[in-house]
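Working from the sequences, and respecting the hints, build out all of it.
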Amino acid sequence: MTVLLDHRYRAGEMHRFDASGAEFVYLPAAGALFAFDEAIVAILTLVEQGVVVHSDLVKALSADGMTAADAEGLLREMRMVRLLEAENVVPQASIVDAPPADYPLQALVLNVTNQCNLACTYCYEFGADKISTQTGKPKYMTPETARTAVDFLLDSARDRKAVHVTFFGGETLMNFRLLKDTVEYANARAAETGRRCTYSLTTNATLLTDPIIDFLNDNAVGVTVSIDGGKESQDSRRIYKSGKGSYDVIEPRLKSLIAKHKTRAVTARVTLTAGNTDVVGIYRHLKDEIGFHEIGFAPVTTTDDGHDFGLNGDGMSDVLQGFHDLSEEWMQYALRGQMHGFSNVSETLSELVSGTNKSHPCGAGLGLLGVSPGGDLAPCHRFTDADEHVMGHIDTGIDQEKRTDFLTRGHVGSKYECTSCWARPLCAGGCHHEAFVRYNDTGHANLHYCDWIRTWTDRVLTIYGTIAVHNPEFLDRFADRKGLSS
Amino acid sequence: MKHLKPLNAKARRIDADMAAQEEDVVALQQAPRPHVPMGCSLVFSPGWEVDASGGTAGLCQPVERDIYDCYVTCFWPVQMADHVNYSADWASNCAAATKDWRSLDIVFP
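Protein chains in written order, with the numbering used here: chain A, 3 to 488; chain B, 1423 to 1531.
Bear in mind the hints are in silico, worked out from the structure with no lab data behind them. Values in this document were obtained by computation on a predicted structure and should not be read as measured data. Please note that a few of the clues may not be correct.
What the hints assert, rightly or not - Computed footprint of chain B on chain A, listed as stretches where at least three residues anywhere in the stretch have a Cβ under 8 Å from a Cβ of chain B:
| # | region |
| --- | --- |
| 1 | 32 to 42 |
| 2 | 88 to 94 |
| 3 | 356 to 364 |
As the list claims (entries may be wrong) - Mimicking DSBU-like on lysine-lysine, the simulated pairs with C-alpha atoms at most 30 Å apart in a straight line are:
| # | chain 1 | residue 1 | chain 2 | residue 2 |
| --- | --- | --- | --- | --- |
| 4 | B | Lys1427 | A | Lys360 |
| 5 | A | Lys262 | A | Lys246 |
| 6 | A | Lys61 | B | Lys1424 |
| 7 | A | Lys243 | A | Lys141 |
| 8 | A | Lys246 | A | Lys141 |
| 9 | B | Lys1521 | B | Lys1427 |
| 10 | A | Lys61 | A | Lys132 |
| 11 | A | Lys139 | B | Lys1427 |
| 12 | B | Lys1521 | A | Lys289 |
| 13 | A | Lys182 | A | Lys163 |
| 14 | A | Lys404 | A | Lys139 |
Every residue, glycine too, gets a C-beta built ideally from N, C-alpha and C.
Structure representation (structure tokens):
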């Protein structure tokens, strides 16, 4: 007796969406994005109702006029990309790769000072969510420490052709002399080995002067300005210790910065808080009246214990609506072949273009480390000067044990909730620092914003699909967006 | 791919990988042209192949992967993955042997 076997299929893991009348699918296991035709719609419709048998699918397709060979070819395509998978196949237990022990460093964030001339009420360095322990430690980084940090970066970067230094605070420009010295030193050191060092900084813009602006322009230092919007938004929480708002101080300085700084884009970084959720209005002001090239928004980091600045459900719905409206505008620009300055879309879209599938939410502890004013290493700038998170010192190198613990915890495979989420390739559980503030564990998935991430990712996928139908060449502009170094 | 259109870099890599599998192994009678490589069996009948010398040492695949035909059609108790008791899933990723034979795993009893 001959027993012929047949195969039973179920639908694989996928996120379907449509845009401009076409059907698309995002495959989380790979980070791949496909458009598909009516024949696949028909198969997916069948398989979504339950397990199906291979020969029945072939029969169904043949009944629709397809030859048996074509039907086999179609099912094979679907199996190969895992739109279909064998019914009795089980996913392997999540694999948490051992962190690479010798990953070449790409970027350092130098906390040039932990002091700040503002006292923004929501700041994670300042308020109730502060995790740093600064008592008895240097308040300002010395030039020697910064130079040692540059040497450490260049050594640890091994054969990378380009490295990056970000200056951060506190308020970065309270230690401008060090910044200037460090750029000159790093340029010289990098040139000795035929390499390149690029720079960026984050500032509140209160201390910008013409000589500083000239220096930033001459050295192509990327500038990100922390700013919350127009006068009313800015002055409600971005205030001096006296309580005075900072808008009137920064406005003329920003205009001067944007007028004279031509070598890199000048970016605004807006923190959204309770009462400051008018995303479109803030964008209009910062783009049209101040003149920023790009504007990015992020909801404030906070614990869930009722700070007055935290975003509640209503606040978050306002923010989502604002993101939706502004992203619609972004898409209309893209369809005309123009770049729009709403960088939240550009960032997500460029990750989708390359098909990013992250093991970790960001480069913290991998290619990027933070350095405290005293020279302690930390996973990123948000952890500097927090004793619990010290990960070595620029004099002695990386503490591999601490680093391994941090990266193993932070791996998406060790976050159970993420294993069934289709948005995990881009999110990977979210910010390590926010997870620590909220859940006291850097490796905890940021469950409080899962819905937000999925809604946002779906929105950008829809934009992607629409552009793919009407202006596909536009997507090519994003291919190299994150190409920092070779 | 005829029914799926890759739209990002990762999808294009999957597409390229699939295309690379189309003609990397060519059976004797198969397009683009018939040919007779040294040391291969003359017919594709997994499980019953021998090389030109009548043994299994010269086959393109380890002989353990060539027992598929026994598993699918054969009643004779030869050494093969046991689809009745122990290895019911052995061929679950192999819908068409001539294309998907790479998906067959080795079974260790």
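Here is how each hint holds up against the structure:
Proximity of the region 32 to 42 of chain A to chain B, defined as three or more residues with a beta carbon under 8 Å from a beta carbon of that chain, is established by the 10 residues found. With 4 residues carrying a beta carbon less than 8 Å from a beta carbon of chain B, the region 88 to 94 of chain A meets the three-residue requirement, and the given coverage holds. Counting residues of the region 356 to 364 of chain A whose C-beta lies closer than 8 Å to any C-beta of chain B gives 3; at least three are required, and the coverage claim holds. For the hint linking Lys1427 (chain B) to Lys360 (chain A), the alpha-carbon distance of about 23 Å falls within 30 Å, and the restraint holds.
Proximity of Lys262 (chain A) to Lys246 (chain A) is assessed by CA-CA distance (about 28 Å); at most 30 Å being required, the pair is judged to hold. Restraint check for Lys61 (chain A) and Lys1424 (chain B): satisfied, since their Cα atoms lie roughly 19 Å apart, inside the 30 Å limit. For the suggested pair Lys243 (chain A) and Lys141 (chain A), the alpha carbons sit about 18 Å apart, so the restraint of at most 30 Å is met. Only pairs whose Cα atoms come within 30 Å are accepted, and Lys246 (chain A) paired with Lys141 (chain A) is accepted, the gap being roughly 24 Å.
At most 30 Å may separate the alpha-carbon atoms for a hinted pair to count; Lys1521 (chain B) and Lys1427 (chain B) meet this at roughly 21 Å. Restraint check for Lys61 (chain A) and Lys132 (chain A): not satisfied, since their Cα atoms lie roughly 64 Å apart, outside the 30 Å limit. Proximity of Lys139 (chain A) to Lys1427 (chain B) is assessed by CA-CA distance (about 57 Å); at most 30 Å being required, the pair is judged violated. A threshold of 30 Å between alpha carbons decides the hint, and for Lys1521 (chain B) with Lys289 (chain A) the separation of about 56 Å lies outside it, so the pair is violated.
A C-alpha spacing of about 22 Å is found between Lys182 (chain A) and Lys163 (chain A), which places the hinted pair at or below 30 Å, so the restraint holds. A C-alpha spacing of about 21 Å is found between Lys404 (chain A) and Lys139 (chain A), which places the hinted pair at or below 30 Å, so the restraint holds.
Comparing the model with each numbered hint stated earlier shows that hints 10, 11, 12 do not hold.
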